[in-house]
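Residue numbers (the working numbering), protein chains in the order written: chain A, 3 to 310; chain B, 5 to 546; chain C, 3 to 320.
Since the hints were made in silico from the structure, they are not lab data.
Please note: incorrect hints may appear among the correct ones.
When the alpha-carbon atoms are kept at most 30 Å apart in a straight line, the in silico BS3-like pairs for lysine-lysine are as follows [as the list claims (entries may be wrong)]: (1) A/Lys49 x B/Lys463; (2) B/Lys294 x B/Lys39; (3) B/Lys284 x B/Lys317; (4) B/Lys356 x B/Lys463; (5) C/Lys207 x A/Lys229; (6) B/Lys49 x A/Lys49.
Derived contacts from chain B toward chain C, CB cut-off under 8 Å, selection only [what the hints assert, rightly or not]: (7) Thr259; (8) Gly300; (9) Ala425.
C-beta: ideal position from N, C-alpha, C; glycine also.
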Amino acid sequence: MTTYVLRRLLWVVPSLFVVFTLTFILVHATPGSPWDESDKPLPEAVKQNLAHQYHLDDPLPKQYFDYLANVLRGDFGPSYRSVERSVSEIIGATLPVSAQIGFASMLFAVVVGVPLGALAAVRHNSWIDYLSSLITVTGLATPPFVRVSLLIVFFSLALGWLPTGGWEGIFDSRAIIPVLAIGLGPAAILARYTRSSLLEVHGQDFIRTARAKGLTETAVVVRHAMKNALIPVVTVAGVTLANVITGAFFVERIYSVPGIGRQFVDSVSGRDYPLLLGIVLVFALLISLVNFLVDLSYGFLDPRIRYR
Amino acid sequence: MRKLAALSLLVLLTLAACTPQTTGSASPTAAAGKKTALRLPEAAKIVNTMDPGISSGGAGLEQIQNMFEALAYVDQVTGDIKPGQAEKWTISPDGLTYTFNLRSGLKWSDGQPLKASDFEYAWKRATDPTTKSRYAQTLWPVKGAEAFGTGKATADGMGVKATDDRTLTVTLERPAPFFMHLVATWTAYPVRKDTIEKNGDKWTLTKDSYISNGHYRLVEWKPEQSMTVEKNPNYWGENNGPDTIAWTLYDDVATKSVIAYEAGEIDRAVLVGGDITRAKADATLSKEIKKFERQGSQWIILDTTNAPLNNVKVRQALSMATDAKRINEVVLKDAYFNAVSIVAPGVPGQKKENALGFDVAKAKQLLSEAGFADGKGWPANVKFTFASGSAESKSVAEAVQGIWKSNLGIDIVLEPMEDKAFDNWRTTRKDQPFHMMVSGWGSDYEDPNNWYNLLFHSKADFFYSHWKNSEFDNLIDQGLKENDVAKRKAMYESADKIINTEAPLITYYHWARFDLIKPYIEGLYHYRVLGRIQGYLVRVNK
Amino acid sequence: MTTRAATFDAPVPLRRPASLWRDSWHRLVQNRAAVVSLAYIVLLLLIAVFANVVAPYPFQQQDLDNTDLGPGGRHLFGTDGLGRDELSRLVYGSRISLAVALVDVLIVLLVGVPLGLIAGFFGRWIDVLIMRAVDVLLAFPNLLLVIVVITYLRAVLDQPQGPILAVIAGLDDITGGLLGVFIALGLVSWLTVARLVRGQVLSLKEKEFIEAARMTGATNGRIIFRHLLPNTLAPVIVAATFGIPGAIATEAGLSFLGLGVRPPLPSWGILIAEGVRNMRAFPHELLFPAVILAITLICFNFLGDGLRDALDPKLKVD
Numbered sequence: 003m004t005t006y007v008l009r010r011l012l013w014v015v016p017s018l019f020v021v022f023t024l025t026f027i028l029v030h031a032t033p034g035s036p037w038d039e040s041d042k043p044l045p046e047a048v049k050q051n052l053a054h055q056y057h058l059d060d061p062l063p064k065q066y067f068d069y070l071a072n073v074l075r076g077d078f079g080p081s082y083r084s085v086e087r088s089v090s091e092i093i094g095a096t097l098p099v100s101a102q103i104g105f106a107s108m109l110f111a112v113v114v115g116v117p118l119g120a121l122a123a124v125r126h127n128s129w130i131d132y133l134s135s136l137i138t139v140t141g142l143a144t145p146p147f148v149r150v151s152l153l154i155v156f157f158s159l160a161l162g163w164l165p166t167g168g169w170e171g172i173f174d175s176r177a178i179i180p181v182l183a184i185g186l187g188p189a190a191i192l193a194r195y196t197r198s199s200l201l202e203v204h205g206q207d208f209i210r211t212a213r214a215k216g217l218t219e220t221a222v223v224v225r226h227a228m229k230n231a232l233i234p235v236v237t238v239a240g241v242t243l244a245n246v247i248t249g250a251f252f253v254e255r256i257y258s259v260p261g262i263g264r265q266f267v268d269s270v271s272g273r274d275y276p277l278l279l280g281i282v283l284v285f286a287l288l289i290s291l292v293n294f295l296v297d298l299s300y301g302f303l304d305p306r307i308r309y310r
Numbered sequence: 005m006r007k008l009a010a011l012s013l014l015v016l017l018t019l020a021a022c023t024p025q026t027t028g029s030a031s032p033t034a035a036a037g038k039k040t041a042l043r044l045p046e047a048a049k050i051v052n053t054m055d056p057g058i059s060s061g062g063a064g065l066e067q068i069q070n071m072f073e074a075l076a077y078v079d080q081v082t083g084d085i086k087p088g089q090a091e092k093w094t095i096s097p098d099g100l101t102y103t104f105n106l107r108s109g110l111k112w113s114d115g116q117p118l119k120a121s122d123f124e125y126a127w128k129r130a131t132d133p134t135t136k137s138r139y140a141q142t143l144w145p146v147k148g149a150e151a152f153g154t155g156k157a158t159a160d161g162m163g164v165k166a167t168d169d170r171t172l173t174v175t176l177e178r179p180a181p182f183f184m185h186l187v188a189t190w191t192a193y194p195v196r197k198d199t200i201e202k203n204g205d206k207w208t209l210t211k212d213s214y215i216s217n218g219h220y221r222l223v224e225w226k227p228e229q230s231m232t233v234e235k236n237p238n239y240w241g242e243n244n245g246p247d248t249i250a251w252t253l254y255d256d257v258a259t260k261s262v263i264a265y266e267a268g269e270i271d272r273a274v275l276v277g278g279d280i281t282r283a284k285a286d287a288t289l290s291k292e293i294k295k296f297e298r299q300g301s302q303w304i305i306l307d308t309t310n311a312p313l314n315n316v317k318v319r320q321a322l323s324m325a326t327d328a329k330r331i332n333e334v335v336l337k338d339a340y341f342n343a344v345s346i347v348a349p350g351v352p353g354q355k356k357e358n359a360l361g362f363d364v365a366k367a368k369q370l371l372s373e374a375g376f377a378d379g380k381g382w383p384a385n386v387k388f389t390f391a392s393g394s395a396e397s398k399s400v401a402e403a404v405q406g407i408w409k410s411n412l413g414i415d416i417v418l419e420p421m422e423d424k425a426f427d428n429w430r431t432t433r434k435d436q437p438f439h440m441m442v443s444g445w446g447s448d449y450e451d452p453n454n455w456y457n458l459l460f461h462s463k464a465d466f467f468y469s470h471w472k473n474s475e476f477d478n479l480i481d482q483g484l485k486e487n488d489v490a491k492r493k494a495m496y497e498s499a500d501k502i503i504n505t506e507a508p509l510i511t512y513y514h515w516a517r518f519d520l521i522k523p524y525i526e527g528l529y530h531y532r533v534l535g536r537i538q539g540y541l542v543r544v545n546k
Numbered sequence: 003m004t005t006r007a008a009t010f011d012a013p014v015p016l017r018r019p020a021s022l023w024r025d026s027w028h029r030l031v032q033n034r035a036a037v038v039s040l041a042y043i044v045l046l047l048l049i050a051v052f053a054n055v056v057a058p059y060p061f062q063q064q065d066l067d068n069t070d071l072g073p074g075g076r077h078l079f080g081t082d083g084l085g086r087d088e089l090s091r092l093v094y095g096s097r098i099s100l101a102v103a104l105v106d107v108l109i110v111l112l113v114g115v116p117l118g119l120i121a122g123f124f125g126r127w128i129d130v131l132i133m134r135a136v137d138v139l140l141a142f143p144n145l146l147l148v149i150v151v152i153t154y155l156r157a158v159l160d161q162p163q164g165p166i167l168a169v170i171a172g173l174d175d176i177t178g179g180l181l182g183v184f185i186a187l188g189l190v191s192w193l194t195v196a197r198l199v200r201g202q203v204l205s206l207k208e209k210e211f212i213e214a215a216r217m218t219g220a221t222n223g224r225i226i227f228r229h230l231l232p233n234t235l236a237p238v239i240v241a242a243t244f245g246i247p248g249a250i251a252t253e254a255g256l257s258f259l260g261l262g263v264r265p266p267l268p269s270w271g272i273l274i275a276e277g278v279r280n281m282r283a284f285p286h287e288l289l290f291p292a293v294i295l296a297i298t299l300i301c302f303n304f305l306g307d308g309l310r311d312a313l314d315p316k317l318k319v320d
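In isolation and in its complexed conformation, chain A is listed as follows:
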């Protein structure tokens, strides 16, 4: 087991490496430089100077290895779009915000979605099942930018209960709309997967055994069915968590949350290479770790799964 853990952790490094290299190649193949200003084009000489000051005129291999060397020393470089904050500072300021919202959203999703899905499975094909289908699909059918806009119009303007934007920490009322807007999707997803995998599991042998032993319905569901059913749920939760942290872009944008999703998309459209590379590395690390934890959990959820 420990060898497995060590091996998995080691594999993170080449993953990071591959992501970095691919992204590096890609950014330098993309048309458009960081300095093109569409309304007041810069004189060529100024653009060249900027490129020179940021070492963009060095040969590509040199830029590549220089960047790697810096990263190993913990220096992610300057951001092209922000003079005041370096890449590490931007990531350091925005990642915690996104992480807090991400975890809160996933918590909401688990607390709301899993029981909802379980209920739907237990009352399979009843009106509760169909109603929960309706709710979950509608929650999912509205893209995130629609969801957050509707929430703002409803809760901030119509009811006046919540502010229209900003961020003051996860325990402030300003966190409610973002968490709801981001969490409703995963809640719906988890509900569906819980339901479907519980239905899968209910016909299997060990359930019959549990019932034969005279356990109550709840005990059957919670202690036996759930654990096995959770494998797909946990898998999806892992992917969704990663997506939530990286992809809450729309919500961050519309609700003015200083998160990392915005930075990611802005760095692509602004060709802010160092920031993009920095964020990509952070994401790759995060995702590798999350998926690793998910894989580890398989061993707990289904003792028959062994890792060689």
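Since the structure of chain A is already known, use the hints to place chains B and C on it.
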């Protein structure tokens, strides 16, 4: 008896004179103890930085301009150049030397004295290539600046010198009649050497390190969230504006600012699209709408050397078939001002009679004369390229596609491009063909030189329409040098007629600012050239 | 709601059906929700194919005298900011959205499922390779790749030289510019399913019936197809149906960036995105596309549930 009456009258009059006014600026005694705050929206991407020497303008400029002051400034109502930190300046007869005399007792926001050497330091720093200014070329008309900026000379060769604490002498490469406008630009703001050297890139981040010299000074900046400033007690002049100004930053200013405005969180909102219709129909909001003229034009740029647009009749036909009035009033919900001619109204030389106007019958006839009667024979792949980041450009592109189809029977292909890809593509159009693209221009200062010469001279060809007309070039070359105001205007008017007739561009609106402003706010005004809100002119009557 | 609701309380006999497909179909047909959904989807497909017959107006026809009209009168669902008929745009938009949904489902089934099966079954370095590829792609800025590919492709496809480019150009044209969207989907759609299927296989692999099959001499292929695959169907179906809203959102986002559908072609994603912007002034512009999308997804969902129930080898048969 009469004495008593006279005395009473005198007392009454005195009393009346001492009573604080209920309108206009509240007198200091009445306002004492109650702090006024102005709350504004701003675009979240504070471009680049809050460093005046590095910033390329755009978002962030309004804040910088409220916290700093240059040697001179542009009056927001009249457009005149007025003395700022300099109380007067003299220009040598040959136009090459400017001597600025700073006011006495000037201070920085932290109380330190401000000297002419601060200006010298700031100008040299902005031009220095290692500073990485995004707007370095502003000061290149100064002697030796361009050479220094491109790494061919040192700072010592730059023609700006503080001859004593209150005198700054500037030498130019060649006479530049618009130089005072550059002096009023943010790149020329003074900056404090010690805080920059101590804090490096981070000097703009906190109130203790961001030392400025304008009407306001920094209180707090939360990047991408908000910025707050307060009155600068060390500013030399009067400031009867609000005690604090707070900007809330939004990614999508147009939609979010309206929502925040309606929720009572900010005092001004930017109106665009459907919100305009809604505001006009709303009982409260319709009274709070304010539309300001801005001197700018938005065009469809045509490549005049690429068939079928190389035929002037085709271009005229397209121009005359473009229902610009409907595009603005219907498609864009009257967010702007209807197109009049190529150059924006108010620029000397512009004459609305020179414009081609909207005439479908004439357009059809011209198209037919060009060989494409009813659109027959029109080439298949005529592309209309635009940056897809702008929802407005997309609406206009689709509208124009439909309008030309129904008015002329021709088909064009819409080609949206990702924003930076578009920027890049546009830059390469300098010597590459295209068909049509969208672009615009707003005055930096109200002078024909900032339009005809800078944009449309065949050597400048700012928008790459590849248009050359020697008569036009001659007229504006002469106009540039002409000192007699009337003669100059006549020259530019003749040039204006030529460019409108030749139609290398098609105007579809003139710029505007469309705001919602709370009724208790007075004096919030966007000047038509580079209009940005000057906080100290605003009154918050709450 | 159905006649033989399989609830948690009722005992479930284990009896292998006579013929998997015939019994599955039987069960499906008895699931009313699934049948209604199937009918809706077939209807939608027909509408998409025969859009030019069904739609009352051409989708690009503008009417600047009648912009932003509410539903009613000559325009059942109202008009948009250029006076175009919303119903017609919805009808034509179904083509794009269904094409996107189809491609997404295909990628999920044809790429995600096999990769997940192989990774879970064979384990070791194959598993490592595939799963690390998943990790990499999850972190990768796919948007950037799409920007690069599409920008270059569009520049090159202007005058396509050679058969390959001509085919690609043709594809891009036929789909109304969806090539970029398909590339983006190709990179992203299969990731979740692959992990899901692999997870299932890891747990199924150790079960007795697999051992039994092995002992009777079944080849790896047979084990994978006859035994593992049917048991991974449940999450696959959910993933396939749930991939669709994501795919449509991806298409909307990319089209907005100029990397997707060429204007003035409509798609449901674009209609929704434009509708959100005018949400407060002209709510009907958001309402109709959002509701239609929701109904479509609900139907896909019920159909998917019905399929899952129908194909479940453990449910009893009447």
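Structure-based check of each hint:
| no. | hint | result |
| --- | --- | --- |
| 1 | A/Lys49 x B/Lys463 | holds, 21 Å |
| 2 | B/Lys294 x B/Lys39 | holds, 26 Å |
| 3 | B/Lys284 x B/Lys317 | violated, 40 Å |
| 4 | B/Lys356 x B/Lys463 | holds, 26 Å |
| 5 | C/Lys207 x A/Lys229 | holds, 17 Å |
| 6 | B/Lys49 x A/Lys49 | holds, 21 Å |
| 7 | Thr259 | holds, 7 Å |
| 8 | Gly300 | violated, 23 Å |
| 9 | Ala425 | holds, 5 Å |
Hint check: violations occur at hints 3 and 8; the rest are consistent with the structure.
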